[in-house]
Amino acid sequence: MTVVASPEFMALCQAQLALLAQRFEQTTAAIYLAQQSSEQSQPNFVPFVSYPDSFEAWAAPQAESRTSSVALPASGSGPTQPKSMADASVQQAGWKSNSGQHPTERFSRLSRDRQFVVPLVYTDVVVGLLVAIRHDRQWRPEEEQLVEQAAEALAAGCVLERRNQWLQQRLQRHRDFRSRQSEVFHNLLHQFRNPLTALTTFGRLLTRRLNEEDPNYGVATSLLRESQRLRELAADFDATVRLGDVNLSEADTSTSSAEDLAHHLELPAAESSAGSPPLLPMKGLGRTLSLSPQFLPQVLEPLLAVAQMMAAEKQITLMARISADTPPVMGDPEALQEVLNNLIDNALKYADCGAWVWVQTGLSQTTEAGHYQGVVIGDTGPGIPSGDLSQLFQRSYRGVQAQGRIPGTGLGLAIVKDLMTQMQGTIDVVSPVVGTPWIPERVERQLALDRHQKQGPGTAFILWLPELTA
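Residue numbers for the sequence shown follow the UniProt record's numbering, so the first one is 1 and each next one is one higher.
Bear in mind the hints are in silico, worked out from the structure with no lab data behind them.
Incorrect hints may appear among the rest.
Said to hold, decoys possible - Here are the simulated EDC-like cross-link-like pairs (lysine to aspartate or glutamate), alpha carbons at most 16 Å apart as the crow flies:
1. Lys314 / Glu338
2. Lys314 / Asp345
3. Lys417 / Asp428
4. Lys417 / Glu334
5. Lys349 / Glu313
6. Lys417 / Glu338
Kindly generate the complete structure, drawing on both the sequences and the hints.
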């Protein structure tokens with residue numbers, strides 16, 4: 001049986017044995033490491049390194065000598081009957097003391113015939129043996145103390161080596177998982193593009209066959225627009241997966257295990273190598289946003305066209321109050337669409353039949369950071385419990401909605417929050433909204449007239465985006 005160990009650990013052991021041999025004349029030494037299989041309750045002690053010769057050259061002459069024989073079995077399997085006190089102590093030793101006795105007390109620390117055996121013990125666990133032999137005389141107490149100190153250092157090094165092997169195994173499993181995950185992502189992306197291409201083709205055919213006056217023309221153009229949005233999202237997703245592939249490939253070819261562990265175990269930036277690529281891409285759209293002047297009415301127009309059809313299907317009244325003179329804001333066009341679409345979709349999804357949903361622009365506020373334009377997306381739906389408000393933007397958190405029948409992932413609002421932060425904006429939540437300034441007067445009057453219609457306390461999300469300054 002052989003021991004798998006890193007070159008660094010082997011060099012450490014060889015250096016320790018060389019120091020012992022240099023300090024004490026006429027001395028040779030060897031290290032056995034403990035290995036325990038699942039079929040055995042007791043560990044085997046396997047030859048690892050010796051000094052000054054190779055282990056085979058070191059062990060053979062010792063076995064022939066009566067005065068300096070090392071009776072530890074070179075095969076690691078152990079003889080039927082012990083050949084020496086050292087052999088007997090090895091057979092009795094376990095990983096831990098079953099009787100509560102310290103492992104060092106279960107070993108025979110031998111001075112018989114110039115042979116000295118010291119267990120490598122770390123926190124009551126025997127990880128190996130250090131065997132040292134004097135060829136000229138017996139060991140002195142002060143010399144044995146120095147050998148024991150070397151054994152302590154070797155025991156700590158052995159434990160670190162085993163921890164490193166465990167981390168390397170975890171790292172390899174992580175790499176294998178990420179490699180399989182990448183293959184699945186690429187396969188899904190490839191399959192996703194085929195029906196997306198078909199949808200785009202159908203949309204183009206419909207727009208060619210329908211006149212602009214046809215009431216279904218808007219449906220066809222919306223189909224084209226949303227298929228284009230899906231293409232853009234698929235491109236962002238593809239770029240994110242490829243970035244992960246690059247990071248994985250660089251980790252596989254890295255020559256520094258410390259850098260490997262820093263990347264894959266997500267150590268703080270100060271502990272990882274400088275200039276290394278991020279393990280994960282930016283959140284939200286999977287890329288860094290590019291801010292430019294955006295006109296909110298133009299961004300909202302296509303979204304509201306789709307929302308009107310969804311509202312009509314659920315018998316929800318959608319009211320849009322979009323000020324044509326709304327000043328431009330700074331934002332990313334795709335990120336703005338994602339934020340507004342998420343909030344409008346949530347309002348329509350959770351509102352009941354007969355509810356009101358409204359989208360309003362034209363609000364403004366001034367803070368120390370500058371001028372901001374506001375957009376309100378509100379509804380008279382079930383509202384948000386006060387206990388859920390503080391955790392509303394956490395990833396995968398759905399709160400009371402997790403108990404409902406409406407499916408969801410709890411990611412939409414977390415994405416909204418992240419994208420707003422990247423666009424240097426903020427988001428406020430008001431629930432209940434009924435009875436606050438954030439509900440339009442028309443909606444409030446209608447609610448007062450239709451008291452027989454069951455309405456919820458409602459919710460309003462207010463987006464504040466930095467206004468474009470001259």
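Hints versus structure:
1. Lys314 / Glu338: Cα-Cα ~22 Å, so violated.
2. Lys314 / Asp345: Holds: Lys314 and Asp345 sit about 12 Å apart, inside 16 Å.
3. Lys417 / Asp428: This hinted pair holds, its Cα atoms lying about 10 Å apart.
4. Lys417 / Glu334: holds (15 Å)
5. Lys349 / Glu313: This hinted pair holds, its Cα atoms lying about 11 Å apart.
6. Lys417 / Glu338: holds (11 Å)
This entry does not satisfy hint 1, going by the numbered hints stated previously; all others are met.
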